[in-house]
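S.K.: What follows is the residue order along each chain.
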Amino acid sequence: MHVAIIGNGISGITAARYIRKLSDHQITVISSETDYFFSRTALMYIYMGHMRFEDTKPYEDWFWKKNRIDLKRAYVEKVDVKAHALHFSGGEKMQYDKLIIACGSTPNKFGWPGQDLKRVHGMYTYQDLEAMEKYSEGLKKAVIVGGGLIGIEMAEMFHSRHIPVTFLVREKSFWDAALPYEESQMVTRHIRENGIDLQLETELKEILDNGNGEAKAAVSNKGETIECGFVGLTAGVRPNIKFLEGSDIETQRGILVNEYLETSAPDVYAIGDCAQAREPLPGRRPIEAIWYTGRMMGETVAYNICKKKIAYDPGIWFNSAKFFDIEYQVYGTVLAKAPEHHASIYWEHSDGRMSIRIVYNKNNNQILGFNLMGVRYRHEVCEKWIKEKANIEEVLQNLGLANFDPEFYKEYETEVIKLYNQQSGKNLQLKKRRNLNAVLSFLRK
Amino acid sequence: MTLLQKTGIGLFIIGIGVFTAILGLDSYKIGEKDINIENEYHRKAFLEAAQSTGLFNQDYASNVSFMAAIKSTFKQAQGSLQNQAIPDGVGEWDFKLGDWKFKEYFKPELVRDASFGTVKDNPVMWWLLSVGIALLGGLFYIIPKFNSLPGIKNNGIYHSPMERGLTWKWRALALGITIPGILIYGFFYLYDWFWPAVTAIVIGLIIGLVMFYQNSKNNNPQRSAGPGLTGWLGIITGVYMIGFYILLYWAPHYITGWMTMFDPFSRALNGGPASQWFVYGMLYTIIIIVMGVRMFAKYRHNRYQLVRTGSVMFFQTAFAFLIPEILSLLNKPSMDLKNIWPLNYTFFFDWNIDNLISGGGLGIFMLVWGIILVVIAVPLITYFYGKRWYCSWVCGCGGLAETLGDPYRQLSDKSMRAWKYERWIIHGVLAFAIVMTAMTLYTYFSGSSHVIGMNTNNVRSWYGFLIGAGFSGIVGTGFYPLMGNRVWCRFGCPLAAYLGLVQRFKSRFRITTNGGQCISCGNCSTYCEMGIDVRSYAQKGQDIVRASCVGCGICSAVCPRGVLRLENGSSDISTRTDAMRAIHITEDQIQLLS
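Residue numbers (the numbering used here), protein chains in the order written: chain Y, 15 to 459; chain P, 1209 to 1802.
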């Protein structure tokens, strides 16, 4: 059997690796972006000089041959689902028995005048990185539009090269659709203390042409014209599925898939950023363009193709990011606009760059989620508590088990408990401090 | 870059320039009374030859011309003895002047004492103008770093001609020149071809094993690709450091200017004049302190790094430098109490044992202490905390690597091929150290200088030359800017090999990974100075137990997602290090393959 995979990002590559582990099928991974798999999340570090492109490749180049995973550098123009064939841009064709589409996203553009000028880019592909590199030479100012994770990464990238940045964000506070108020405020402060000109509640109106088809300035909806040599468009991403137009694969915003990640066409699966769940799991969005879900879908689709049907189940939500110097981790349900029955304990360090938030259901005291800024918590421990609907007080008393900060770091769990005691009038004590053996015996229970 | 930092770089370059120039500032003059040759034939022949070459009481403008004059005089004396008949009852080499006698008769101290001029007259001034200025420049460069926001600041490392390193082909070229160079020089050093030839065969064997037997030939380490010689500043730095080590180990006669300059410090500390080892020890300590301050600035948000850096600064200053110097001042046997065999390969040498035994209670204590360290402390402490307790907290080599070497940590080769080389080479050195020590002890106890036809003294000298000087110094440190800061610790140190075996098979230490949070970005692998591909474990959610890990904690520090943590704990260590841990969070449904 020949399995063709479109896209060599984390989803496609995880699928390929697991198919290889589970079977002897012939595997071809097709990409028009790069010859080899690299970590997309690490693109920023190449620009910042932390790593070379080579360092972002998780496997050495000989790995693919050794594992009999064929890599093909090509652009798929058309998928003929009836003939089970792919048509490449050079006119070449390839037959498949099973097809996995893992073609990822493309930056959103909302019809801004000038959005297709030169020196206007998103930050998603290796080619975007090359463009940023090229246009950074002699760059005096960059404007970034859209306050999400990629926007702040782009701001950090330019900042690392001492290029002044104006950051236009539509919301009242940075990423306040995902972060609770205090955390969003913390990041907002941190962006500003890094010297970024953050303009909140501001949107892009148009990008001005310098006469050579290049951006020369961005105009905000407040009428300000900001001269700049680069405009970063980072107002989210959408599935990169233009090439499927006219095929028999049913799409909406993304490629529609059922719980087995099957599309409407036979033997065609879609995973990762480009997949859209027909029936999203409770509490989850139909399209989740994040690294972790892509990886889990890759694993699931491999089982579906090679072994037996397994419904995609990403389990308890988790995610992470880094906002300049502040690390962010989230486990479970932590909503920006908390519903009435959600209560949270929020502790913040006096330096304003660290916080711990624990969310629970105030009706039954069951734990719901953790939101960490500048503090590291253990995934497995938090997940087990959430899965087992542990009582908030039990969690608090054992909170040290969750702490994953390096040795000698100060532990703040007692302060979190103190806060809870103040709010509830109870007198809880911390029973478990950071300790690996205790964690492992807890996880075995 | 701030103005202060620019000034700092300027001062540093001036300091290094003056430091280098000092070697050529003084003049040299020697008289008959300075010649200290006890053998009457040799003495007479040399003095006669000196008459004809006019060696004595003449000013030589540099140590190069001075040494050349001594050498030609020596050659002439050698020739005249060669042509004379050996008197009855005198051994051949008691009469003839062997080449190897040169090192014995003309020690660097003789050159140092023969010098006169401005450095001799104003040593402290010249010290301040060279080392002092360079230090000040370094601090000017470092101090403003305390002003930035705390956090990982690796910006621009791969844009820097100082820190970006070389492609693996250029590195191979550097090694391809250095290793045969050391072997060829070794032949002249030992006056024997046997051991250099054996070494060459062993090197060939290892290359063959890795490339063909282990099939690495086709697995090119593509990861270390990079543009040509853009790391030129690193190359210059590496060449300077390699040059420094060559002079220090093999041509100390030419660095007497530095000894002269360090003399007042030596006299204040141990009461005697400065040898090249005093110069090295003091410079080493100063560098660890200044670059330790740089670590404080860079990692001031990370308490593990602060404590660990403080620890290496303390052990270098107190244990490696001050305590031995003060013991010398008190006429006691002197020893670096944290330097453990087999890193401290001279520990079981006859002269050291005799010296300690004759050194009274303190000497006996040191002997017992040294043995306890090897037999009890290493396995026990490594069981509890991993080899890091030594390698990145106590050790002097590690101390330099973690401070001076920190800017180069990203240059270690992460390829599978490098790992294969590493295992053969480091365990080979461990085996060599054990065999060499066993032979030395055999000679010590039996009095016989030969074991199965091999001269144990030669084995010992070869170890000192090849491993003690060539590997740990020239390649181990000189190659920082070319191959990363742990070349010695990773490929060569026999103690690290020993600690590593304990860590791999019997230790509670591991690096745990945080569930499914890894994004495979590669910061951990890039900044692992030991060349461990940390990411390959992290992305599988697999706990890491590796013999080579020195527990520096930088992988955990640079991880942008909080995935890695250094831990001590024995629970489940075998299952959690399984290569097939699921990243899939709902692993209940899915039976993973083994």
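It cannot be assumed that every hint is accurate.
Unchecked claim - Pair by pair, the computed Cβ-Cβ distance ranges are:
(1) 132(Y) - 1225(P): 44 to 54 Å
(2) 422(Y) - 1215(P): 28 to 38 Å
(3) 1530(P) - 144(Y): 45 to 55 Å
No lab work stands behind these hints: they were computed from the structure. Please read all numbers here as calculations on a predicted model, not as lab measurements. Backbone N, C-alpha and C fix where the C-beta goes; we use that ideal spot for every residue, glycine too.
S.K.: Each hint should be assessed against the structure and marked as holding or not.
M.R.: Here's how the hints hold up against the structure:
Look at residue 132(Y) against residue 1225(P): about 47 Å separates their beta carbons, and that is inside 44 to 54 Å. The given range of 28 to 38 Å is respected by residue 422(Y) and residue 1215(P), whose C-beta atoms sit roughly 35 Å from each other. One distance hint, 45 to 55 Å for the beta-carbon pair residue 1530(P) and residue 144(Y), holds here, with the actual separation near 54 Å.
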